[in-house]
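Chemist: Listed below, chain by chain, are the residues.
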Amino acid sequence: MEELIQQLKEEIIKALNLEDVKPEDIDPAAPLFGSGLGLDSIDALELIVLMERKYGIKLKDPSKGKEVFESVNVMADYIMKNRTK
Amino acid sequence: MNKSVFIRSAQQISFQQPLSNEWMSSPIFTTQSLVKSLNPQFKDYLSPLEARRMGGLQKRALVATLKVLKECNLEHPDAIITGTALGNLICTEQFLESMIENGEQMLSPTHFMQSTHNTIGSALAIYTHNHGYNTTYCHSQMSFDLALQDALMQMDLGKISNALVGAFEEIEDGYFGLLQKSGYIGVHGMDPCSEVTVSMLLTSIAEKENLCRIAGMCICRPQGIDDLVEQLDAMLQKAGANRTTISAILSGKNSNPSCDNYYNELLDTLFPKVPTLKYKQIFGENFTASAFGLYCAANCLKENYIPEFLYDPCRNLRCNEISNILLVNQERGKDYSFILVQKI
Amino acid sequence: MKPIYITGAGIISAVGCGVMENIESLKKGETGIGPMHYLRSRHTDIPVGEVKQTNDELAERLNITLPTTFGRGALLGMVALKEALESASILPGQIPKRTHFVSATTVGGMDRRELNYSNEKKCGKWGAEIATYNCGDFTSDIAERFGTFSSVQTVSTACSAATNAIITGANMINCAIADIVVAGGVESLSMFHLNGFNTLMILDREQCKPFDANRAGLNLGEGAAYLILESAESVRKRGVTPIAILSGWGNACDAHHQTASSPNGEGAYRAMKEALEAAGLQPCDIDYINAHGTGTPNNDQSESEAVKRLFGENIPPLSSTKSFTGHTTSASGSIEAVLSIYAALKEQFLPVNLNWNTPMEEGIIPVTSSKSKREIAHIMTNAFGFGGNDSCLILSRSNL
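Protein chains in written order, with this note's numbering: chain B, 1 to 85; chain Z, 86 to 429; chain Y, 430 to 829.
Be aware that a few hints might be false.
What the hints assert, rightly or not - Here are the computed lysine-lysine pairs in the DSS-like style, where the Cα-Cα straight-line distance is at most 25 Å:
1. B:14 with Z:144
2. Z:128 with B:14
3. Z:244 with Y:702
4. Y:457 with Y:702
FYI, nobody ran anything at the bench for these hints, they're computed from the structure.
Please take these sequences and the hints and turn them into a complete structure.
Modeler: As structure tokens, then:
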């Protein structure tokens with residue numbers, strides 16, 4: 001799990017092009033959207049692409065994304081349960 | 086055009102020293118056929134979070150615009166009007182390539198969003214919280230000239246009293262290869278292919294900082310040389326000028342014979358005794374490079390000085406006095422744009 | 430500001446080729462949105478509003494020898510332009526002086542390029558020309574089929590582009606740069622566009638349901654439409670009869686987000702308000718609104734808010750004809766202007782909003798009956814684009 005969280009942080013930084021953010025800056029329990037990193041709806045769509053590309057998980061409903069992307073911890077948990085690669 | 090319109094401030098980012106007019110005294114020459122822009126320090130202007138979805142072109146557009154607005158001490162221009170033939174080309178090419186290669190799957194929404202031509206102009210509005218008139222022209226070599234015409238129209242109609250007008254173009258290697266194969270660019274001996282970022286503020290207010298006055302312009306697709314002369318003369322007359330009162334002509338010649346022939350024919354017929362200048366040897370060629378021409382003319386008029394390297398070597402005439410400059414831009418001998426700028 | 434007369438129009442969309450067919454479909458309530466038939470894409474589960482003709486069939490309509498080298502968008506543009514010119518008594522090859530062409534597109538010739546993409550680096554000049562065929566080349570091809578316009582221009586502001594092309598045309602006439610401007614837009618379906626909207630996850634897998642609580646996105650469409658804009662003097666000189674008046678227009682930027690509209694519809698509100706003021710009209714003078722109404726959760730909420738802010742309790746009958754044509758993006762502004770002029774102003778019926786069942790919370794209730802309670806004299810059409818490029822037109826009955 002720790003390893004997945006670390007990998008996920010790196011993937012998020014890459015996918016969203018968060019130049020000045022380092023993995024250790026992201027609190028895995030903190031909300032990804034709203035406050036925190038200052039992400040928006042397009043970032044959510046990029047994360048949906050990331051989920052499919054990296055973990056083989058297809059999220060068809062963007063509103064489902066809101067739940068899954070609550071925090072890095074929630075994302076990692078969802079990936080553990082649903083990954084196909 | 087009935088009202089006075091001035092260029093209050095203009096900035097460029099190119100392969101010359103960015104955001105500066107150092108090119109007037111220390112121009113950078115190149116023998117390469119493709120030269121990318123020299124980027125300023127984006128971090129001085131934009132936070133990485135703000136810039137996370139922006140490509141290089143969009144960052145350049147924003148930085149040049151922010152600098153212009155700062156120089157004018159203006160927060161909100163009345164209008165933002167953009168000319169770009171290809172918009173964020175790099176994102177468009179990336180989206181297209183991954184769409185074909187990934188079989189229409191797992192594509193980046195950011196690349197698509199950026200591929201839309203108006204992304205640059207609207208990003209300028211979003212960044213500066215500007216609700217004013219906002220539009221984008223994408224018409225090949227005339228894109229910038231059309232954007233300028235729109236601004237002049239709305240100033241003429243009294244709808245706005247200033248406008249931010251920009252020209253933005255980027256290039257990537259694969260697309261350069263295609264443009265080269267099509268014969269547009271990269272022809273042996275031709276001025277380099279470059280990237281364009283020019284942002285300028287037009288104003289109807291006379292201020293001592295203004296660079297020059299735009300006295301008239303005309304964009305046309307003439308039905309023949311007579312029609313072209315008629316439209317050009319009408320524009321000059323309206324501006325209180327005529328073909329004999331022109332101090333210098335700044336043309337879009339790019340050392341590609343298939344392009345320059347149209348200019349030579351026109352200039353030899355209509356302006357045989359007028360000194361001619363060109364700018365693409367130092368700013369390069371790309372669809373909206375005509376904006377470099379206007380930027381260049383504005384600086385020459387402001388400084389009351391024409392650097393020697395701007396003179397077109399094919400004509401051995403020099404200016405005694407510069408009171409105005411006529412800019413000529415054309416595409417394939419089909420579409421023409423003339424802009425008359427005057428010293429203040 | 431002087432009135433701008435509209436003296437002709439041409440249209441092709443998913444609901445028909447030509448004004449007559451389009452208006453008939455609106456009257457009958459027949460949508461043009463359905464399963465993908467002409468577009469080549471793997472996303473066959475996505476319904477689209479296709480023009481029901483192959484490229485060859487479109488070319489034949491124009492007497493173009495087959496096989497044609499023109500792409501689908503150029504052909505659609507030519508069909509609409511031909512009808513527009515004919516309806517205003519302008520003959521091909523005899524375009525009057527001081528007549529300009531302002532056309533909108535986003536995708537331009539991308540349909541041809543994506544089909545040829547895997548070959549383009551290998552094949553020579555011809556392949557490179559298809560690859561580098563830009564929006565300006567595209568517009569020029571459409572224009573040159575019919576002669577020499579005094580200038581040819583391309584506007585590209587995403588989904589509001591055709592409306593902005595009309596605004597540019599109107600300003601050119603007001604500035605006495607032009608006597609006549611043929612203005613509008615064209616967009617063909619392409620893999621590029623479909624996949625692009627698909628990445629944004631705003632495509633409904635069923636028929637779009639504008640202003641419905643259960644709306645789930647838009648259906649992409651394709652088509653073209655042009656209006657002939659003309660000065661009063663030119664109308665008199667040519668002895669033509671206007672079909673409508675372009676009495677006002679507005680352009681504002683939402684300045685909120687690259688793809689999303691602001692919750693209070695600031696840009697839309699400003700564009701509509703500016704258009705009303707330019708026309709010298711009050712909100713109560715508007716008899717019908719052809720809404721942008723894409724069917725996405727975000728647009729319809731934001732547009733509802735903007736309309737409520739401007740019109741208060743007295744919202745005029747409103748509908749989205751995108752439930753017929755699909756969202757024709759850069760062509761939608763002119764397609765919807767033509768539909769509204771002929772349906773509402775000329776034939777005095779309200780195009781209904783198909784697929785509407787459940788009111789949105791705090792949303793607008795669109796018209797579901799085509800009968801207007803009062804005479805329709807002034808109408809409003811909205812077009813909002815990515816980046817918040819929002820524009821609005823006011824069209825009025827002509828008394829000439």
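Chemist: Compare the structure with the hints numbered earlier in the document and write down the numbers of the violated ones, lowest to highest.
Modeler: 4
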